[in-house]
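Number of protein chains: 2
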Amino acid sequence: MKKEDQVLLLLKEGGSGFVSGEEISKTLKVSRAAVWKEVESLRALGYEIDAHPRQGYRLEQVPDKLFADEISHKLGTKVLGQHIISYEEINSTNDAIFRLGEQGVKEGVCVFAEHQKKGRGRLGRDWNSPKGKNILVSILLRPPMTPSEASRLTLVAAVSVVKTVQKITGIQAGIKWPNDVLFKNKKLCGILTEMNAEADRVNFVVLGIGLNVNSKTSELPEGSTSLKEMAGKEVSRIKTAQELLKQLESDYTDLKKGRFESLAEDWERYSVTSGRRVTATLTGRKIHGQATGIDRDGALWIRTDQGLQEKVTAGDIQYLRG
Amino acid sequence: MKKEDQVLLLLKEGGSGFVSGEEISKTLKVSRAAVWKEVESLRALGYEIDAHPRQGYRLEQVPDKLFADEISHKLGTKVLGQHIISYEEINSTNDAIFRLGEQGVKEGVCVFAEHQKKGRGRLGRDWNSPKGKNILVSILLRPPMTPSEASRLTLVAAVSVVKTVQKITGIQAGIKWPNDVLFKNKKLCGILTEMNAEADRVNFVVLGIGLNVNSKTSELPEGSTSLKEMAGKEVSRIKTAQELLKQLESDYTDLKKGRFESLAEDWERYSVTSGRRVTATLTGRKIHGQATGIDRDGALWIRTDQGLQEKVTAGDIQYLRG
Chain P
3 MKKEDQVLLL
13 LKEGGSGFVS
23 GEEISKTLKV
33 SRAAVWKEVE
43 SLRALGYEID
53 AHPRQGYRLE
63 QVPDKLFADE
73 ISHKLGTKVL
83 GQHIISYEEI
93 NSTNDAIFRL
103 GEQGVKEGVC
113 VFAEHQKKGR
123 GRLGRDWNSP
133 KGKNILVSIL
143 LRPPMTPSEA
153 SRLTLVAAVS
163 VVKTVQKITG
173 IQAGIKWPND
183 VLFKNKKLCG
193 ILTEMNAEAD
203 RVNFVVLGIG
213 LNVNSKTSEL
223 PEGSTSLKEM
233 AGKEVSRIKT
243 AQELLKQLES
253 DYTDLKKGRF
263 ESLAEDWERY
273 SVTSGRRVTA
283 TLTGRKIHGQ
293 ATGIDRDGAL
303 WIRTDQGLQE
313 KVTAGDIQYL
323 RG
Chain B
3 MKKEDQVLLL
13 LKEGGSGFVS
23 GEEISKTLKV
33 SRAAVWKEVE
43 SLRALGYEID
53 AHPRQGYRLE
63 QVPDKLFADE
73 ISHKLGTKVL
83 GQHIISYEEI
93 NSTNDAIFRL
103 GEQGVKEGVC
113 VFAEHQKKGR
123 GRLGRDWNSP
133 KGKNILVSIL
143 LRPPMTPSEA
153 SRLTLVAAVS
163 VVKTVQKITG
173 IQAGIKWPND
183 VLFKNKKLCG
193 ILTEMNAEAD
203 RVNFVVLGIG
213 LNVNSKTSEL
223 PEGSTSLKEM
233 AGKEVSRIKT
243 AQELLKQLES
253 DYTDLKKGRF
263 ESLAEDWERY
273 SVTSGRRVTA
283 TLTGRKIHGQ
293 ATGIDRDGAL
303 WIRTDQGLQE
313 KVTAGDIQYL
323 RG
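Sequence order for the protein chains is P and B. Taking the numbering used here, the leading residue of the first sequence gets 3, the next gets one more, and so forth. Taking the numbering used here, the leading residue of the second sequence gets 3, the next gets one more, and so forth.
It is possible that some hints are incorrect.
No copy is singled out in the list; a pair is fine if it fits within one copy or between any two copies.
No farther apart than 25 Å at their CA atoms in a straight line, the calculated lysine-lysine pairs in the DSS-like style are these [stated by the list, open to error]:
hint: 1; residue 1: Lys-288; residue 2: Lys-258
hint: 2; residue 1: Lys-288; residue 2: Lys-259
hint: 3; residue 1: Lys-67; residue 2: Lys-4
hint: 4; residue 1: Lys-5; residue 2: Lys-108
hint: 5; residue 1: Lys-5; residue 2: Lys-259
hint: 6; residue 1: Lys-288; residue 2: Lys-39
The set of hints was computed from the structure by calculation and includes no laboratory data. All values derive from a computational prediction rather than experimental measurement.
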């Protein structure tokens with residue numbers, strides 16, 4: 003651990019009290035001047051540290067930056083986030099995790115970024131998010147599943163996000179099939195699940211989540227919202243990231259234990275698609291009808307205007323009036 | 003096209019007749035000495051070229067090497083093999099195609115190799131094949147399918163291999179679930195299907211095929227055989243590779259057109275698993291019973307000794323006596 007991080011840890015252990023420079027200096031076996039230097043670097047990172055000539059140092063405020071150490075601190079998960087890498091800027095967090103997956107890194111590693119230069123969304127679309135306001139994270143998973151079973155992870159992740167949002171804001175968001183998380187019909191979160199697999203065995207899954215946290219509506223693409231807009235106040239990105247990792251670990255564990263049914267029930271409960279009139283674009287044709295539910299593979303059932311039941315396994319839907 | 007390839011093409015057009023050095027020299031606008039030099043390089047590659055002072059040059063024999071130009075020559079496919087890359091030695095043809103897939107190269111590109119340094123088989127196993135005797139090829143496909151649908155490609159490929167073997171040797175091989183091609187219970191061909199996908203959309207599939215062609219049993223891993231052993235004589239690797247690409251293109255097209263049922267019927271017909279007593283290793287337990295058939299997702303049904311019907315979607319089976 004770097005000296006800087008050691009100083010930070012001592013200040014955190016001090017809680018709301020002061021920690022004397024002498025104590026830090028003795029514990030870390032460095033000079034008082036060196037302690038001062040580390041405090042200055044922490045301040046440069048955004049940590050607010052009160053310094054008092056006789057009493058010493060006190061941590062006043064942790065910056066709302068997605069530093070790996072801040073997310074790890076008292077995280078309490080067993081797999082997800084045991085290894086966290088944070089970037090100020092990266093091309094794409096999903097690409098970074100994909101490379102780690104190919105290199106055989108074990109599951110649970112997370113890449114966070116304050117900004118993506120080439121952020122990707124589903125179906126080859128872009129994902130744009132203002133710098134330093136939201137959560138952009140990709141997670142490496144190695145589910146012992148077939149590709150078809152692993153596809154369910156994308157639904158499970160949407161369920162985890164809704165539960166996380168509820169914990170943080172107290173407000174329940176909705177899921178638009180397959181895995182957009184919405185509030186009042188505005189997009190709060192996008193999920194991009196990618197995998198590398200053999201025909202009957204997944205090598206690894208990259209779960210990418212872009213959650214709008216502290217952005218204002220005006221900073222986001224049209225039709226988007228954020229936790230801040232929902233809650234009427236800023237929320238802690240670190241706390242949100244921690245809750246998200248904890249919730250994902252819990253739901254992922256359930257999925258691995260074969261408890262998809264109960265997760266699918268959660269999905270149905272949060273769904274704002276069932277009962278809606280929708281248009282789905284299939285290969286070469288569009289169907290119009292009423293969404294009636296999802297099946298256990300995550301496909302959407304639509305009762306068409308012609309009275310047929312059609313199953314939509316891929317792609318997107320648009321809501322219709324009526 | 004390189005001068006060497008142009009000379010080769012002229013000799014091929016000449017068929018069993020001689021082509022005069024002067025004619026080649028005029029057509030290609032190079033000196034007679036340059037023509038001689040190109041003929042010498044072709045000979046160095048293994049082409050047998052007869053040279054007659056007055057009559058000119060005649061192509062006697064094409065080497066049985068998997069040169070891209072030889073496989074492309076009169077191949078007649080529309081997608082598969084429109085771009086062929088041949089390596090004398092490579093780490094893994096599947097890895098090479100995976101990289102091309104990530105770079106956005108269009109479907110149909112094939113990588114052949116005379117030898118793989120790190121050949122891979124299913125379930126993380128090695129795939130070893132003696133140098134210059136067999137067919138090692140990987141093909142990039144971009145099926146407009148979900149991961150679960152694309153998993154069927156691995157069964158379809160086994161069907162294509164059986165049909166190709168039948169065309170080349172006149173003998174019908176069998177399929178051991180999921181996709182080993184066997185003759186008299188010895189392994190003739192292995193297939194490794196890998197994919198890069200979103201949860202509901204395949205980005206690309208890498209179809210890797212290792213077909214034992216001219217190896218002797220003694221050169222192969224235990225329990226293996228080759229077309230040569232089956233047919234009692236050497237067979238042309240180039241012709242086999244061409245038939246394989248043609249057959250795969252035809253069956254792949256059928257799959258894309260939604261004709262999986264008829265391919266699954268072929269699979270059932272070639273299957274040497276149905277009716278056999280087998281042991282399957284599932285997560286944490288083994289089941290023993292009789293294989294009774296495959297369903298439309300390619301899963302194997304086993305009637306266990308306890309009288310239960312169990313569905314096996316992944317992994318391997320062993321045959322049992324009885």
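Outcome of the hint check:
1. Lys-288 / Lys-258: between (35 Å within a copy, 19 Å between copies)
2. Lys-288 / Lys-259: This pair counts as between: shortest inter-copy Cα distance 18 Å, intra-copy 37 Å.
3. Lys-67 / Lys-4: within (18 Å within a copy, 58 Å between copies)
4. Lys-5 / Lys-108: neither (28 Å within a copy, 51 Å between copies)
5. Lys-5 / Lys-259: neither (42 Å within a copy, 63 Å between copies)
6. Lys-288 / Lys-39: neither (64 Å within a copy, 62 Å between copies)
Hints 4, 5 and 6 from the list above are not met by this structure, while the remaining hints are.
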